[in-house]
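Engineer: In case you want the letters, here they are:
Protein chains: 2
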Amino acid sequence: MTGIHIVGSGHTAFGRFDARSLEELIVEAAREALAEAGLPGTDIDAVYLGHFNAGMADDGFAASLIHQADDGLRFKPATRVENACASGSGALYAGMNAIRAGRAKRVLVVGVEKMTHRATPEVTKALASAGYQGDEAEAHLSFPQVFALAAKAYAERYGDPMVAMAKIASKNHKNALANPLAQMRRDLSFEQCNEITEKNPLIAPPLRLSDCSLISDGAAAVVLAGEPAAGQRTAHIRAAEQVSDYLPMSRRDLLLFEGPKRAVAQAYAAAGIGVQDVSFAEVHDCFTIAELLMYEALGLCGPGQGGRLLDEGTVYRGGKLPVNLSGGLKAKGHPVGATGVSMHALSYRQLTGQAGDIQIEAPELGVVINMGGAAVANYATVLEPGQV
Amino acid sequence: MTGIHIVGSGHTAFGRFDARSLEELIVEAAREALAEAGLPGTDIDAVYLGHFNAGMADDGFAASLIHQADDGLRFKPATRVENACASGSGALYAGMNAIRAGRAKRVLVVGVEKMTHRATPEVTKALASAGYQGDEAEAHLSFPQVFALAAKAYAERYGDPMVAMAKIASKNHKNALANPLAQMRRDLSFEQCNEITEKNPLIAPPLRLSDCSLISDGAAAVVLAGEPAAGQRTAHIRAAEQVSDYLPMSRRDLLLFEGPKRAVAQAYAAAGIGVQDVSFAEVHDCFTIAELLMYEALGLCGPGQGGRLLDEGTVYRGGKLPVNLSGGLKAKGHPVGATGVSMHALSYRQLTGQAGDIQIEAPELGVVINMGGAAVANYATVLEPGQV
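Protein sequences appear in the order of chains A and B.
Going by the working numbering, 154 is the number at position 154 of the first sequence; the sequence numbering is gapless.
Going by the working numbering, 700 is the number at position 312 of the second sequence; the sequence numbering is gapless.
Note that these hints are calculated values from the structure, not bench results.
Please note: incorrect hints may appear among the correct ones.
Some, not all, of what chain B presents toward chain A, calculated at C-beta under 7 Å [to be verified]:
(1) ALA472
(2) LEU635
(3) GLY660
(4) CYS689
(5) GLY690
(6) GLN693
Cross-link-like lysine to aspartate or glutamate pairs, in silico, EDC-like; alpha carbons within 20 Å at most [said to hold, decoys possible]:
(7) LYS513/B <-> GLU138/A
(8) LYS125/A <-> GLU510/B
(9) LYS152/A <-> GLU138/A
Label-pair distances were calculated between CB atoms; the ranges are [to be verified]:
(10) TYR546/B <-> LYS105/A: 37 to 43 Å
(11) ARG574/B <-> GLY3/A: 54 to 60 Å
(12) ILE748/B <-> THR42/A: 39 to 45 Å
Just so it is clear, CB atoms sit at the ideal spot from N, CA and C, and this is done for glycine as well.
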């Protein structure tokens, strides 16, 4: 199997950008990734777009908008992949397959979403469409409500997770202070996240505002290559595994997080590593309870034991396995289709020493876990430094 | 490169199915394809869904609905691909890459759309979102208006295409009489298609109702395999090429149909064949003017010469290269995301002698051309009989 390397990255700031179109976000990230890879569009063999949309953008057929970034891309195959909040990883994995299949040598992957121009109830409705529509009970749930159910079930089965969740929120906000691309760069203390106040109201009990990720505009991009070229900084994708579970929650036990756990276990096995080898992880913290469960998926702890990792400092910057150094979906922002690409792009920058103020020293292995829906589409990637 | 074979197919009738959900359509087609391939879900390594949606269905994250077809699919990667009216081929090509990449041995591809529950203006708006939204002038065009512009430009450059277009409509309606899966099985004479009447009004001048494809519900499925198993009827995919053009029409000359032409030329070159070797073709006749231009893309004639193929009978059943024996999008129906998969599924049935009343004698090569947008995402596939 051909090795896959990330050889360039692009990343707009995440935030609210009223004046910038979906196309402009795509073009900015794509051009930055091509420039970083030192490649003209003519050297790219295929492009893939990760984009959720679900009514948020007017652009119903956005794949070829990537061609607007560089005239050298004309006539190159363009494909949009949608897997809810994992659309970005879906595009990246399809791009990897094009290289492994021998159909492309270099692939440009862009993830994008534009959400803030819609009113919050509209965004909530668009996101809720990623739940199962065939069951009245599930179809009417918003995603905050879905993860509120998870938090309640966690409390019943293992004990109250709310303190751990507030610690996660505070940690990710603190991490985002060092990330100039993050949407929300404001130090929120544990107390601020743990208390229900006017500024931190209940959104879907027991979830507080600070337990929820942001509504964001933004794009991210990576250039993938089978063979890196001289002079490129590269990260090698050592393993990449996707596991998709049933869509209806009634058919499974959400709290088991079987999809993420299987994806990570498969990725570790394919990479020949264990959690003790991982230097950092970017995981899908669409809600703080999700990050808590991701600690289990990472193999850091057993069921219901995630709080310990926070108590012991393991997942903080400076800890044994820092999680979401970027600030995560929680504070970096969560432009849905961009998120998976962003996680890979920032991990690439981390592994190539280009992560600026969120850089850690000499990371050896990074893990990305990107999730679509409530543990439905699950992607786990293991990355390591490539050539310098 | 691993060879790719179609080893099973599924195909719901196309039509108006108020009582059947998107999920039910997916499940029906998926189960039929698995049964035809003689495979349980556990033998499938990945599933791909072709689906446009753009607001027509409530299901915002439909890939894992394929898992509802067979419990053996649980945990298998599920991915939705969207490339407007070529979403089905997009899914199929991504599935082929998974096999060529060595990530899957057998892949289930389903294409689906549910449209008839929406009012026609809503459907028109959803489809129009597949045009370029960044230019006021283009964003406001419906697809009938886009192809009306093509028909007008054709008249100016080459001469009036309306008679040829009426012949195409009548031909495809006649072909659909023999296809029990077709939505509209009614013999429409050339005169009926060529006259503007109460029953055949102008939709977007000069396009008449009979020049437009249908609004449809339906699903189609194929099982792809790198290595066929004993007892399976198979078609071999000899070449499969995708070419994507700029989205804005202002950046290109639509009438040149450069994307479809390049895709077909690349596919012929990869297959080592010429148009004289092709036994039948299923081409994207979203509007009759599109089929007329597809004759040029197929290499049957030079620019503006498509009418000749109709005068000489070449593209009729019994002619040298029958086009759209299924009835085409025009009469078989056009459930957007299902169309590309349907074209491949019915070509498979044709090449394996399972095409019923639309079967032709001993076909040696079939060509599929599926197009997303106005010649933006273009897929050309060459298929031949595999093992019997």
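Engineer: Under 7 Å is the threshold here; is the Cβ of CYS689/B close enough to any Cβ of chain A for the hint to stand?
Structural biologist: Because about 23 Å separates CYS689/B from the closest Cβ in chain A, which is outside the 7 Å limit, the hint is violated.
Engineer: That 37 to 43 Å hint for TYR546/B and LYS105/A (C-beta), does it hold up?
Structural biologist: 39 Å, holds
Engineer: Can you tell me whether the CB distance of ARG574/B to GLY3/A sits inside 54 to 60 Å?
Structural biologist: 56 Å, holds
Engineer: Hint GLN693/B vs chain A: min CB-CB distance below 7 Å?
Structural biologist: 24 Å, violated
Engineer: Hint check: LYS513/B vs GLU138/A, CA-CA at most 20 Å. Holds or violated?
Structural biologist: Distance of about 28 Å is beyond 20 Å: violated.
Engineer: Hint LEU635/B vs chain A: min CB-CB distance below 7 Å?
Structural biologist: Holds. Min distance 4 Å.
Engineer: Note whether the CB distance of ILE748/B and THR42/A lies within 39 to 45 Å or breaks it.
Structural biologist: Holds - the Cβ-Cβ distance for ILE748/B and THR42/A, about 42 Å, lies within 39 to 45 Å.
Engineer: Take a quick look at whether LYS125/A and GLU510/B sit within 20 Å of each other, Cα to Cα.
Structural biologist: Holds: LYS125/A and GLU510/B sit about 19 Å apart, inside 20 Å.
Engineer: Is the hint on GLY690/B kept, meaning its closest Cβ partner in chain A is under 7 Å away?
Structural biologist: This hint is violated: GLY690/B lies away from chain A, its Cβ roughly 21 Å from the closest one there, beyond 7 Å.
Engineer: Tell me if the interface restraint on ALA472/B is satisfied: Cβ within less than 7 Å of some Cβ in chain A.
Structural biologist: 4 Å, holds
Engineer: Given GLY660/B was flagged as interface, is its beta-carbon under 7 Å from a beta-carbon of chain A?
Structural biologist: Constraint on GLY660/B not satisfied, violated at 18 Å.
Engineer: For LYS152/A and GLU138/A, compute the direct alpha-carbon distance and say whether it is at most 20 Å.
Structural biologist: Holds, at about 16 Å.
Comparing the model with each earlier hint shows violations of hints 3, 4, 5, 6 and 7; every other hint is respected.
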